[in-house]
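From first to last, the protein sequence lines are chains A and B. If you're matching positions, the first sequence starts at 24 in this note's numbering and goes up one per residue. If you're matching positions, the second sequence starts at 121 in this note's numbering and goes up one per residue.
These are calculated hints, taken from the structure and not from any lab test. Bear in mind the structure is a predicted one, so any value in this text is a computation, not a measurement. One thing to keep in mind: the hints can contain errors.
[What the hints assert, rightly or not] Each computed DSS-like pair below joins lysine-lysine, with the alpha-carbon atoms no more than 30 Å apart:
no. : chain 1 : residue 1 : chain 2 : residue 2
1   : B       : Lys434    : A       : Lys147
2   : B       : Lys288    : A       : Lys108
3   : B       : Lys434    : A       : Lys108
4   : B       : Lys206    : B       : Lys356
5   : B       : Lys356    : A       : Lys108
[What the hints assert, rightly or not] Covered stretches of chain A, going by a simulated chain B footprint (3 or more residues, C-beta under 8 Å):
no. : stretch
6   : 96 to 102
7   : 105 to 111
8   : 136 to 150
Cβ atoms here follow ideal geometry from the backbone N, Cα and C, with glycine treated the same way.
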Amino acid sequence: MPEKVILSADEVLRAMRRIAHEIVERNRGTEGLVFVGIMSRGVPIARRLAALIKEFEDADVPIGSLDIGLYRDDLSQGPSPQLRKTDISVSLQGKRVVLVDDVLYTGRTIRAAMDAVMDFGRPKTVQLAVLVDRGHRELPIRADYVGKNVPTAHQEEVQVRLKETDGQDQVVIVEASTGKEESGGNR
Amino acid sequence: MTSVKPVEQAKQHAAQKVALPPRKHVLDLDDFSPEEISQILETAGVLAEVLNRPISKVPALRGKTILTLFLEPSTRTRASFERAAKALSADIINLSGSDSSAKKGESLIDTARTMQAMGANIIIMRHSMSGAPYLLAQHTDLSVINAGDGWHAHPSQALLDLYTMREKFGKVAGLKVVIVGDVLHSRVARSNIWGLRKMGADVTLSAPPTLLPEETLEAYSGELPGRLSIEFDLDKAVEGADVVMALRIQRERLATEGSMNLRDYIIAYQVNDERMHKAKPTAMLMHPGPMNEGVEVSHGLAYGDRSLVETQVKNGVAVRMALLYRLVGASGVAA
Numbered sequence: 024m025p026e027k028v029i030l031s032a033d034e035v036l037r038a039m040r041r042i043a044h045e046i047v048e049r050n051r052g053t054e055g056l057v058f059v060g061i062m063s064r065g066v067p068i069a070r071r072l073a074a075l076i077k078e079f080e081d082a083d084v085p086i087g088s089l090d091i092g093l094y095r096d097d098l099s100q101g102p103s104p105q106l107r108k109t110d111i112s113v114s115l116q117g118k119r120v121v122l123v124d125d126v127l128y129t130g131r132t133i134r135a136a137m138d139a140v141m142d143f144g145r146p147k148t149v150q151l152a153v154l155v156d157r158g159h160r161e162l163p164i165r166a167d168y169v170g171k172n173v174p175t176a177h178q179e180e181v182q183v184r185l186k187e188t189d190g191q192d193q194v195v196i197v198e199a200s201t202g203k204e205e206s207g208g209n210r
Numbered sequence: 121m122t123s124v125k126p127v128e129q130a131k132q133h134a135a136q137k138v139a140l141p142p143r144k145h146v147l148d149l150d151d152f153s154p155e156e157i158s159q160i161l162e163t164a165g166v167l168a169e170v171l172n173r174p175i176s177k178v179p180a181l182r183g184k185t186i187l188t189l190f191l192e193p194s195t196r197t198r199a200s201f202e203r204a205a206k207a208l209s210a211d212i213i214n215l216s217g218s219d220s221s222a223k224k225g226e227s228l229i230d231t232a233r234t235m236q237a238m239g240a241n242i243i244i245m246r247h248s249m250s251g252a253p254y255l256l257a258q259h260t261d262l263s264v265i266n267a268g269d270g271w272h273a274h275p276s277q278a279l280l281d282l283y284t285m286r287e288k289f290g291k292v293a294g295l296k297v298v299i300v301g302d303v304l305h306s307r308v309a310r311s312n313i314w315g316l317r318k319m320g321a322d323v324t325l326s327a328p329p330t331l332l333p334e335e336t337l338e339a340y341s342g343e344l345p346g347r348l349s350i351e352f353d354l355d356k357a358v359e360g361a362d363v364v365m366a367l368r369i370q371r372e373r374l375a376t377e378g379s380m381n382l383r384d385y386i387i388a389y390q391v392n393d394e395r396m397h398k399a400k401p402t403a404m405l406m407h408p409g410p411m412n413e414g415v416e417v418s419h420g421l422a423y424g425d426r427s428l429v430e431t432q433v434k435n436g437v438a439v440r441m442a443l444l445y446r447l448v449g450a451s452g453v454a455a
């Protein structure tokens with residue numbers, strides 16, 4: 024399986040730094056910010072963004088983790104995906120919620136995540152930060168913060184690798200895989 | 121290298137998530153692998169969080185219609201399934217013996233087919249005849265969940281018992297569980313024997329000989345990780361036990377089939393403080409309910425510090441949600 028590196032470790036870090044700055048700038052500070060990472064790789068990315076903001080602004084942004092399994096629109100179409108624990112211990116009522124995911128693709132994951140977030144309260148705003156936008160949207164959804172826009176073909180797979188989950192920071196495009204959709208698939 | 125560890129953790133994590141094939145029916149635990157049971161218990165742990173949310177409802181079963189058909193009295197099991205179904209946004213239709221056409225002589229299969237024609241996807245049923253749910257699984261396209269059939273099986277109860285033990289003791293494997301009382305007529309005991317032994321717990325049955333099924337040891341003596349034994353003397357059976365599970369005793373049956381009077385039964389088989397004292401210091405009482413306080417369990421013990429009875433009821437909802445979630449992929453293709 025040939026793979027092409029589209030973001031190196033340094034570039035991943037730079038993209039995260041830029042996104043962290045943009046979030047603070049767009050929201051005029053960190054007041055009321057909450058990061059909600061979408062399982063699984065959105066969670067470590069959310070943690071890193073929060074750590075960067077701590078570094079730049081000396082402010083703590085609370086983090087939640089969200090599994091969207093129960094909100095999927097394709098549950099009737101196959102075996103139920105294994106659920107992981109959602110942990111949103113801060114109230115989202117009136118907050119500026121930033122959803123964080125690794126890859127934005129069809130937009131269905133984000134649709135599900137927005138529905139889920141609304142069940143935890145009524146946020147003032149919901150924004151979206153992703154490391155990679157690979158196009159091919161099936162719903163009217165766009166990201167507010169994007170690490171890199173990457174034109175892709177449907178049969179390609181974008182894999183985001185992170186130190187926390189994969190031992191290294193890297194984003195690659197893999198040619199037509201075996202239908203695996205764990206990373207970057209986001210049906 | 122410091123970066124190796126997280127990778128291995130990730131790999132282990134991925135290995136745990138081996139996708140199971142879709143499941144259509146839940147009839148008993150005999151056709152569940154330990155891996156599937158573990159995964160359901162894990163899912164139940166995740167779903168317990170949903171019940172604590174400000175809006176404790178998720179759309180996973182939106183558009184599904186669930187029929188409950190209880191042809192035997194039940195309060196907790198039915199209410200628990202209904203709560204579980206509603207938390208997952210399913211629509212639910214409740215039928216009971218008295219208001220169904222069973223009274224007019226409509227057969228079980230006819231009733232189920234009628235409901236299927238109206239768009240039901242899943243039927244949750246209780247029946248006094250062992251095997252009744254199998255009949256519907258065979259003759260309809262519905263997903264069938266057995267909520268208790270005769271003396272045979274009550275899989276959701278056994279799963280919630282396993283969940284409760286795992287939550288309390290961290291794991292089920294290696295636990296010593298004593299099941300006390302009317303094992304002969306108990307579907308709860310039968311399903312628990314399967315579940316506990318598959319998960320590696322040792323089970324001891326303790327009851328008067330007349331209330332122990334003759335088939336027990338032979339029928340369940342397959343190659344399972346946990347052992348099964350019988351000890352007529354409860355005082356000996358509870359020694360070193362982690363869990364003492366008492367079963368409901370019915371007075372009528374005690375006299376006719378148990379050939380024992382209530383007084384003698386209480387003396388020989390009531391779970392009380394003295395007997396719990398002979399078990400491990402950490403040992404807990406469990407009971408599937410409804411409980412006869414003062415008969416199979418002494419007063420005070422039932423809702424005391426050493427009782428998991430209320431926890432069992434609470435956990436039942438999350439475990440039943442996990443079962444419904446497990447079926448959702450296969451239940452959409454009715455007809």
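Now for the hints, and whether the structure bears them out:
A distance of roughly 34 Å separates the Cα atoms of B/Lys434 and A/Lys147; the hinted pair therefore is violated under the 30 Å criterion. The straight-line distance between the Cα atoms of B/Lys288 and A/Lys108 is roughly 19 Å, inside the 30 Å bound, and the hint therefore holds. With a C-alpha separation of about 19 Å, the suggested pair B/Lys434 and A/Lys108 falls inside the 30 Å cut-off, and the hint holds. The straight-line distance between the Cα atoms of B/Lys206 and B/Lys356 is roughly 45 Å, outside the 30 Å bound, and the hint therefore fails.
Note on B/Lys356 and A/Lys108: the hinted pairing is violated, with a Cα-Cα distance of about 42 Å set against a maximum of 30 Å. Residue count for the stretch 96 to 102 of chain A with a Cβ under 8 Å from a Cβ of chain B: 5. That meets the three needed, and the coverage hint holds. Counting residues of the stretch 105 to 111 of chain A whose CB lies closer than 8 Å to any CB of chain B gives 6, which reaches the minimum of 3, so the coverage claim holds. With 5 residues bearing a CB less than 8 Å from a CB of chain B, the stretch 136 to 150 of chain A meets the requirement of three and the coverage assertion stands.
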